[in-house]
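Trainee: Single-letter residue listing:
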Amino acid sequence: MHPSNVGRIGLYLYGILILAFLYLPLVAIGFASVSTSRYLSFPIRQYTTQWYAQALESGTVSDLLWISLQVAAIVTVISMVLGFFGALAFARYQWRYRRLYQKLILLPIFFPQSVLGLALLMWFNAVGITPTWHTAIIAHLVWIAPIATLIIAIRAYSFDPALEEAARDMGCSTWQILREVTLPLLMPGVVAAGLFSFLLSWGNFPLSLFTTGADLTLPEWLYAKMVSGYSPLVPTVGMLSVAASIVLVAIALALPPLINRFTRNSSD
Amino acid sequence: MNIAAPVRLPAGKADLSRQAEALRPTHMNAQPILRVVDLKKTFDGFTALDSVNLTVDDGEFLAIVGPSGSGKTTLIRLLVGMEEQTSGEIWLRDSRIDNVPANKRPTCMVFQSLALFPHRSVGENIEFPLKIRGVDPALRRARALELLDLVRLPQHYYGKRIQQCSGGERQRVALARALAFDPEILFFDEPLSALDFRLRKMLEKELKDLHQRTGKTFIYITHSLEEAMVMSDRIAIMRSGRFEQLGPAEEIYAKPKSRFVAEFMGEVNLFRANGNGGTVSFEHVTVDPAAAAKRGLRPGFSGDLMARPESVRLLKPGERADVMATGIVESEYLLGSRVQYLVRLASGYKVTVELSRENRVTWEPGQSMGVGFDLDRAHLIQEA
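Heads up: the protein sequence lines correspond to chains A and B, in order.
According to the numbering used here, the first sequence is numbered sequentially starting from 1.
According to the numbering used here, the second sequence is numbered sequentially starting from 1.
Calculated from the structure, these hints are not laboratory results.
Please note that the accuracy of each hint is not assured.
[Unchecked claim] Quick list of the computed label-pair ranges, beta carbon to beta carbon:
{"hint": "1", "chain 1": "A", "residue 1": "A254", "chain 2": "B", "residue 2": "R161", "range": "17 to 23 Å"}
{"hint": "2", "chain 1": "B", "residue 1": "K205", "chain 2": "A", "residue 2": "L11", "range": "53 to 59 Å"}
{"hint": "3", "chain 1": "A", "residue 1": "Y93", "chain 2": "B", "residue 2": "T47", "range": "22 to 28 Å"}
{"hint": "4", "chain 1": "A", "residue 1": "F85", "chain 2": "B", "residue 2": "A142", "range": "34 to 40 Å"}
{"hint": "5", "chain 1": "B", "residue 1": "L199", "chain 2": "A", "residue 2": "A243", "range": "54 to 60 Å"}
{"hint": "6", "chain 1": "B", "residue 1": "S193", "chain 2": "A", "residue 2": "I129", "range": "55 to 61 Å"}
{"hint": "7", "chain 1": "B", "residue 1": "A142", "chain 2": "A", "residue 2": "A243", "range": "49 to 55 Å"}
{"hint": "8", "chain 1": "A", "residue 1": "L26", "chain 2": "B", "residue 2": "Q155", "range": "50 to 56 Å"}
{"hint": "9", "chain 1": "A", "residue 1": "I18", "chain 2": "B", "residue 2": "H156", "range": "44 to 50 Å"}
{"hint": "10", "chain 1": "B", "residue 1": "D209", "chain 2": "A", "residue 2": "F85", "range": "42 to 48 Å"}
[As the list claims (entries may be wrong)] When the alpha-carbon atoms are kept at most 16 Å apart in a straight line, the in silico EDC-like pairs for lysine to aspartate or glutamate are as follows:
{"hint": "11", "chain 1": "B", "residue 1": "K350", "chain 2": "B", "residue 2": "E267"}
{"hint": "12", "chain 1": "B", "residue 1": "K316", "chain 2": "B", "residue 2": "E364"}
{"hint": "13", "chain 1": "B", "residue 1": "K104", "chain 2": "A", "residue 2": "E165"}
{"hint": "14", "chain 1": "B", "residue 1": "K201", "chain 2": "B", "residue 2": "E169"}
{"hint": "15", "chain 1": "B", "residue 1": "K40", "chain 2": "B", "residue 2": "E89"}
{"hint": "16", "chain 1": "B", "residue 1": "K104", "chain 2": "A", "residue 2": "E164"}
For every residue, glycine included, the Cβ atom is placed at its ideal position computed from N, Cα and C.
In isolation and in its complexed conformation, chain A is listed as follows (with noise of 0.2 Å):
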């Protein structure tokens, strides 16, 4: 065989046994959803859809869903539009203190976000709100917003001042130019930050946990469950929770070509 043909398969072998270590772990959960048994075992014995109608007949798992959902949700959207206004003082405008905003909005993505869990917990309390998934939405804000932040920043690096200016020289007011030029350009930026701000909020562990209060989100169950009182509904809730983020990852990658045969057709 021709040496550079091993080296070949070697790099194959090596990228599916990569695959496989990221990928088994969730593959499992899936059999142990669609398994009688209580524990997951292998082989499978007998196949079933039961915890899944279980699931989604139960109370519980649909007030889970709609919790986590709406904190998602609700935090995708401020992240989008604070992420936006954030990411022109980042990297659009110059202005006195823009390093030092550079670096006070980069600090909460390095905290632990145990302690930045707790430190929130404290304040409310001290401030005296009840924490509820009301809450842990800020919370979430307070580490998300900076990433969204960060992700539009990227693109408003690549942006360039001239097209500002010549909007206004063609008679644009702020908000014209706003509207007609800045966001369009920038879109593509605060679509990906809202996709990765509901991501990192849907399955958000650490920051609920200090901050929901009484409520319960999605990740939080989970770990309930795990801790004490193991359900065979775990797996099942787990693989429903992965098939959300799936389904919003595929619409945001269908997106992209479908709005663009719309304009072309649009144009035409």
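With chain A held as given, fit chain B onto it using these hints.
Mentor: Just chain B, lined up with the frame of chain A:
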């Protein structure tokens, strides 16, 4: 767009001074469209623009030329309203506009980067100023198609993406968009600088042609003198935030007011006056006293004697000229229709001689050769 096309004379280097005079009144019905009075701009103590005064006629093509850092970009940004002046006035016809924001000024600029919107098609880019003004979509489209025609782009480019256009096509789109705005004055900030030589040459001529067809006032910034000479009626040479000289291209080329302008305006041979004693003499060359007297050169003249390479000739044995020197031909450069010789004089000074190709001479390395020119083809730069 029904302003009378300005009158232009054919260019040629035959009689520079006469043409320069003829070009001075640039337009038949010239009336100032722009008046700049004592304009100053400082950035944190640095003076970018130091008292600029300028009057531009309606329909004129003015080029502002200068090395980088001379203040030309600052000037144009002040004129379109993207920067605020430290002091001074800008008048457009009868109204003062220096405190009017950029989006309310009836001026438009073609940017160096062109600033075409990458998220819009060619047609949408051209229509943009009309859209902002709230013009009906059907009218907008009709106007955009008209403008595509004017800048010589095919109609089907209307739906093309900017990314699909070549550099030259983008120039045309940017120009069409600026024309759609229908500005009183159209500004250009070196839009051709990124293009390759051939395309640039072609677009320079097209731009000049477009200027004539639209009758608009163009103010064009460039660091390329050639570009300015090809296109403009008048050229302003900028240096450290001031106009060093302002006049028709021919005048600035043939009669520069300073060494800076002479050297900036292309290759030049300069000989400094010695000015000692009662005779007229210059460094490196001998001047015929009778010719000097006839030219009005008096002893005590201080300044430079200037001769463009095309005014200098290689002398045949025994041939005379008002100004002469002897040197050794060092190299020969073929420039297509012209040929250039570098002649090193005994003093070490190198004289550049440019002849048309038919007058090319044969020479041996190290061969001694006379160079010379007559005073009526030379220019005297009086020291200020």
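Trainee: All hints, please: hold or fail.
Mentor: Tested hints:
| no. | hint | in the structure |
| --- | --- | --- |
| 1 | A/A254 / B/R161: 17 to 23 Å | holds (21 Å) |
| 2 | B/K205 / A/L11: 53 to 59 Å | holds (56 Å) |
| 3 | A/Y93 / B/T47: 22 to 28 Å | holds (26 Å) |
| 4 | A/F85 / B/A142: 34 to 40 Å | holds (38 Å) |
| 5 | B/L199 / A/A243: 54 to 60 Å | holds (55 Å) |
| 6 | B/S193 / A/I129: 55 to 61 Å | holds (60 Å) |
| 7 | B/A142 / A/A243: 49 to 55 Å | holds (52 Å) |
| 8 | A/L26 / B/Q155: 50 to 56 Å | holds (55 Å) |
| 9 | A/I18 / B/H156: 44 to 50 Å | holds (49 Å) |
| 10 | B/D209 / A/F85: 42 to 48 Å | holds (46 Å) |
| 11 | B/K350 / B/E267 | holds (12 Å) |
| 12 | B/K316 / B/E364 | holds (15 Å) |
| 13 | B/K104 / A/E165 | holds (13 Å) |
| 14 | B/K201 / B/E169 | holds (14 Å) |
| 15 | B/K40 / B/E89 | holds (9 Å) |
| 16 | B/K104 / A/E164 | holds (15 Å) |
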